[in-house]
Structure formats: structure tokens, C-alpha cells
Amino acid sequence: MKRVVITGAGTINALGHNVSDTLEAMREGRCGIGPLNIRDVDRLAVKIGGQVTGYDEHSHFNRQQIALYDRFTQFALFAAQQAIAQSGLEFSGELAARSGVIFGTSGGGLSTQDENYRAVYEEGKNRVHPFVVPKLMNNAATSHVSMQYNLKGPSFTVATACASSNHAMGQAFHMIRSGMSDVMVTGGSESMLCFGGVKAWEGLRVMSKDACRPFSATRNGMVQGEGAGVFIFEDRDHAMARGAEILAEVVGFAMTSDAADIVMPSKQGAARAIRGAVQDARIDPETVGYINAHGTGTAANDKTECAAVADAFGAHADNLMISSTKSMHGHLIGGTGAVELLAAIMAVRDGVIAPTIGYEEQDPECALDVVPNEAREAKVEVALSNAFAFGGLNAVIALKRA
Amino acid sequence: MGSGVGEQMSSIQDKVIQIVAEQAVLEVEDVSLGQSLADLGIDSLGLVESIFSIEEAFDIEVPFNANEPEKSEFDISSIASIIKAVEGLVKDQHG
Numbered sequence: 001m002k003r004v005v006i007t008g009a010g011t012i013n014a015l016g017h018n019v020s021d022t023l024e025a026m027r028e029g030r031c032g033i034g035p036l037n038i039r040d041v042d043r044l045a046v047k048i049g050g051q052v053t054g055y056d057e058h059s060h061f062n063r064q065q066i067a068l069y070d071r072f073t074q075f076a077l078f079a080a081q082q083a084i085a086q087s088g089l090e091f092s093g094e095l096a097a098r099s100g101v102i103f104g105t106s107g108g109g110l111s112t113q114d115e116n117y118r119a120v121y122e123e124g125k126n127r128v129h130p131f132v133v134p135k136l137m138n139n140a141a142t143s144h145v146s147m148q149y150n151l152k153g154p155s156f157t158v159a160t161a162c163a164s165s166n167h168a169m170g171q172a173f174h175m176i177r178s179g180m181s182d183v184m185v186t187g188g189s190e191s192m193l194c195f196g197g198v199k200a201w202e203g204l205r206v207m208s209k210d211a212c213r214p215f216s217a218t219r220n221g222m223v224q225g226e227g228a229g230v231f232i233f234e235d236r237d238h239a240m241a242r243g244a245e246i247l248a249e250v251v252g253f254a255m256t257s258d259a260a261d262i263v264m265p266s267k268q269g270a271a272r273a274i275r276g277a278v279q280d281a282r283i284d285p286e287t288v289g290y291i292n293a294h295g296t297g298t299a300a301n302d303k304t305e306c307a308a309v310a311d312a313f314g315a316h317a318d319n320l321m322i323s324s325t326k327s328m329h330g331h332l333i334g335g336t337g338a339v340e341l342l343a344a345i346m347a348v349r350d351g352v353i354a355p356t357i358g359y360e361e362q363d364p365e366c367a368l369d370v371v372p373n374e375a376r377e378a379k380v381e382v383a384l385s386n387a388f389a390f391g392g393l394n395a396v397i398a399l400k401r402a
Numbered sequence: 001m002g003s004g005v006g007e008q009m010s011s012i013q014d015k016v017i018q019i020v021a022e023q024a025v026l027e028v029e030d031v032s033l034g035q036s037l038a039d040l041g042i043d044s045l046g047l048v049e050s051i052f053s054i055e056e057a058f059d060i061e062v063p064f065n066a067n068e069p070e071k072s073e074f075d076i077s078s079i080a081s082i083i084k085a086v087e088g089l090v091k092d093q094h095g
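Keeping their order, the protein sequence lines are chains H and Y. Its first residue numbered 1, the first sequence is counted upward by one per residue in this note's numbering. Its first residue numbered 1, the second sequence is counted upward by one per residue in this note's numbering.
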């Protein structure tokens with residue numbers, strides 16, 4: 001089995017337009033959640049989100065590209081450019097043939113759907129732009145990245161709601177580990193902050209109207225975010241041979257299905273995924289020092305997740321740190337695991353643990369060290385990143401210090 | 001005029017019971033005012049769907065966050081309390 005390392009990272013999200021700004025915001029416990037600036041926001045009950053601000057598509061893409069790139073595709077291309085540049089890789093010949101792209105997304109080109117339904121239903125138009133289909137399809141981001149960088153190996157898109165990115169990255173990990181690919185561009189992207197995207201979430205009545213406060217007794221729901229995270233996963237021998245900088249090693253991955261409920265999480269399903277990732281990594285559970293939680297800030301997730309961690313680690317659950325960076329960047333749904341992997345990299349590489357901000361009051365059902373409000377320095381050997389999707393599909397990744 | 005209000009109130013009761021019964025897959029006669037939604041076998045998804053049906057039926061906005069049902073102004077502890085809350089909202093929003 002091949003060993004797999006990360007040799008590049010890129011992002012755009014509510015905390016920053018690149019990795020260093022994002023990690024700085026996480027270190028400082030800065031909140032990227034604010035008033036939503038979208039059409040018809042006055043008709044929404046939920047008016048906040050982790051929106052990407054200061055981003056002008058025209059500064060990065062030309063008119064022909066914008067006609068084809070939904071916002072979620074733009075985010076993926078934007079983050080991929082950073083990750084590939086950092087890796088120093090160029091794809092041609094045999095390497096191109098053995099390198100691919102696997103991204104997660106849940107809504108795909110939801111903004112494009114929203115705009116075009118508006119045009120035909122609300123405005124009564126009988127004609128839409130010819131590129132609506134290639135713009136809205138869930139694999140558009142994957143395909144455009146593969147086209148831009150000549151990635152000709154196995155490429156596809158994964159949609160498992162809030163676990164999409166983790167499932168995508170797990171798949172990329174497996175492909176390199178098994179020897180099928182040398183390099184995979186992976187992660188996820190999401191842009192659901194449009195009227196229809198927020199309205200749909202409102203319907204479930206699990207959204208907060210003021211802030212995302214994971215694990216705090218005062219939490220009252222989740223807050224949506226948007227953006228992308230993209231990583232270069234590479235065969236370790238390949239990376240070492242070319243003297244690449246290694247950000248972290250991907251050592252384990254596990255996925256489980258609750259087979260129970262379409263929205264309520266299960267402690268057993270989550271615990272099996274956590275335990276599975278540790279076993280897959282062949283590490284002593286006590287070397288896990290940090291968990292980037294799924295931590296949505298809903299009543300159901302946070303207590304179930306804490307119970308699952310306690311179950312999986314036993315007494316060690318009280319020694320490890322677990323935080324939810326969704327308190328800062330919001331819940332990026334299908335892209336969330338990708339942006340959150342940055343916090344796991346920061347833990348193992350820089351020894352900095354991102355905090356759970358907005359924490360106000362202890363909840364006896366979430367009695368773990370949730371790194372409240374302020375980042376912490378700590379030497380971490382292994383970090384996990386949890387993602388538990390609606391539909392009971394769980395995916396946990398383990399990273400180790402390189 | 002007094003009887004008109006009374007009629008409106010009893011029609012609210014009938015409609016709420018009808019919505020809840022449909023959600024619980026029960027006959028209207030099997031729903032009694034003292035029961036809770038849990039007694040009727042309605043789970044969290046069923047609750048959210050019932051509230052949606054109530055909003056649609058009466059054209060009202062029901063303030064309810066599934067993360068903190070106990071803090072909601074909309075009291076869901078029994079069928080009677082739901083009816084009372086809906087009557088209040090109809091009065092406030094269409095009064």
C-alpha cells in the first residue's frame with residue numbers, strides 16, 4: 001500500500017480568499033458570519049450566513065468563462081489554482097493520465113437553477129441561456145478543473161450532503177493508496193446562499209437566526225456558509241522524489257451508514273466511522289489529539305457527536321480537543337469537510353488548535369474540551385475530521401504530522 | 001357575532017386535529033386534546049411537517065425552532081396547547 005501525503009492546499013470561504021488568511025482568522029477566532037447580501041433576503045426568515053465577501057467574479061474570469069461557471073465552479077477553480085501552484089506540479093504525459101479530480105458538492109449549480117427558475121416561472125420567460133445544463137450540473141467543478149490542468153485520470157463528483165467533501169477526499173486517498181493514481185486533486189465546493197437555497201433550509205427549522213454556537217448550551221441551530229477547499233493528495237514516494245513540501249500525511253479514512261433516519265444522526269453510526277478511521281490509520285487511539293467536529297450547532301448533532309466521540313475513545317475522550325470551525329465559516333454543506341480539513345492540517349503541522357467561537361455556556365451533554373473561543377497551542381500527532389450527513393452517511397478522515 | 005368567533009375557534013380545533021391525525025396516520029376520532037405529539041407517534045420530522053401544514057392551512061407564520069422547542073412561543077406540549085397557540089396566531093396575524 002502506498003502512503004498518501006498532502007502537497008498543496010487552496011481555499012476561498014467567509015474567512016479568507018486563501019489558506020493563510022483562513023488559518024489566521026481561525027487562530028484569531030474571527031467570525032465570518034454576517035448579514036446575507038442576496039436577492040430577496042427580506043423574504044427570508046434566516047438572514048445571516050458565512051458569505052464570501054470582497055469577491056468579484058469579473059476579476060478572475062472572463063465573460064465566456066462566467067457564462068459556463070456557476071459560483072460553486074468558480075470557487076473550486078479559484079481554490080484549485082492555489083493548491084496546484086503550491087504543489088508545484090504540472091500535469092502531462094503519464095502523470096496526467098494517472099491523476100484525477102474528485103470533488104464533493106451537495107447543491108452543485110444551485111444558484112444557476114435558482115436564477116433560471118426565476119426567469120421562467122417568475123418572469124414568465126420562455127427562453128434560458130444555452131449553457132444552463134453544463135453550468136448547473138454537479139460535476140461541472142470537477143470537469144472544469146480537470147480541463148484547466150490536464151488531469152486525465154479517474155475523475156467524478158460525490159454528493160452525500162454534508163459529508164460530500166469527506167467522501168470525495170476519502171475516495172482520492174483510497175485511489176492513491178491502492179496505486180491507481182499518483183496524484184488526486186480533491187476537496188469540495190458549495191454555493192447555496194441564494195434565495196431558494198436558504199429558503200429550503202429554513203423549512204427544516206434547524207437554522208439559527210443569530211449565530212452558530214456549537215456545543216454551547218445556548219446553541220440554537222446551524223448557519224449556512226459557502227466556498228471551497230481543494231487539496232493535492234499525492235503518493236508519498238512521488239512527493240519525496242521531487243522534494244515537495246508535505247503539509248500532512250493522510251493516514252486513515254472510514255465511512256459508515258446509520259441505516260436509521262433521514263435527518264436524525266446516530267451515535268452508533270458516527271462512533272463506528274470514528275473508530276474505523278483510527279483503525280484504518282493503524283494508530284494508537286491515544287495519539288489522536290484533535291478532532292475537527294462536524295459540530296453544526298444543532299441540538300441533535302452536537303450531543304450525538306460528543307456521545308459518539310466519548311464512545312469511540314473511552315477515557316481518552318477527556319484528553320483530546322474537539323472544536324467546530326463552523327462557528328466561524330458556517331456550514332458549507334457539501335464543501336464543509338474540505339475547508340475544515342485546513343483546521344486539521346493546522347493542528348498537526350503548526351500545533352495550533354482552532355477554537356469553537358460563540359461558546360457561552362457549558363452543556364452537560366457536550367462535556368468535552370471544545371476549545372472554547374480562543375485558539376490553543378498544542379502538539380498534535382494525529383487529527384481527525386468528522387462529517388456526518390443527512391441520510392446517516394458518515395465519513396471521517398485521519399491526518400498525521402508529516 | 002360571539003357565536004361567529006366561537007365557530008371560527010372550533011373550526012381551528014377541527015382543522016388542527018385533522019392535520020395531526022393525518023400526520024399520525026390515525027382517524028380524527030382517535031386524537032384527543034390531552035395527548036402530546038409523541039403520544040401519537042409523531043417524531044421530529046412529523047412535527048416540522050405538521051407545523052408546515054398548520055402554516056399553510058391558516059396562512060400564518062409559526063415561530064418554531066426545532067433546536068429549542070422548549071423556548072418556542074409555540075407550545076407543542078399537547079394537542080390542546082397547539083390549538084390554543086394556533087388560535088392566538090390566527091388572531092394576531094389575521095385579527
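Some hints could be false.
In silico DSBU-like pairs for lysine-lysine, Cα to Cα no more than 30 Å straight-line [what the hints assert, rightly or not]:
(1) H/K400 x H/K47
(2) H/K267 x H/K379
(3) H/K47 x H/K199
(4) H/K47 x Y/K91
(5) H/K379 x Y/K84
(6) H/K152 x H/K267
(7) H/K2 x H/K125
(8) H/K199 x H/K209
(9) H/K47 x H/K152
(10) H/K199 x Y/K71
(11) Y/K71 x Y/K15
(12) Y/K15 x Y/K91
(13) Y/K91 x H/K2
(14) Y/K15 x H/K199
(15) H/K152 x H/K379
(16) H/K209 x H/K303
(17) Y/K84 x H/K199
(18) H/K125 x H/K267
(19) H/K152 x H/K125
(20) Y/K15 x Y/K84
(21) H/K267 x Y/K15
(22) Y/K71 x Y/K91
(23) H/K303 x H/K152
(24) Y/K71 x H/K303
(25) Y/K15 x H/K2
(26) Y/K71 x Y/K84
(27) H/K2 x H/K209
(28) H/K125 x H/K209
(29) Y/K71 x H/K2
(30) H/K199 x Y/K91
(31) H/K2 x H/K400
(32) H/K199 x H/K152
Derived coverage of chain H by chain Y (criterion: at least 3 residues anywhere in the stretch with Cβ under 8 Å from a Cβ of chain Y; other residues may be distant) [to be verified]:
(33) 191-205
(34) 218-228
On the chain H side, residues computed to face chain Y include the following (Cβ under 10 Å) [stated by the list, open to error]:
(35) G34
(36) I38
(37) D42
(38) S208
(39) K209
(40) A259
It is worth saying that the hints were derived from the structure and are not from the lab. Using N, Cα and C, we set each Cβ at its ideal position, and we do this for glycine too.
* Asked: Looking back at the hints listed earlier, which ones does the structure fail to meet?
  -> The structure breaks hints 1, 5, 6, 7, 9, 13, 15, 18, 19, 21, 23, 25, 27, 28, 29, 32, 35, 36, 37 and 40; every other hint is satisfied.
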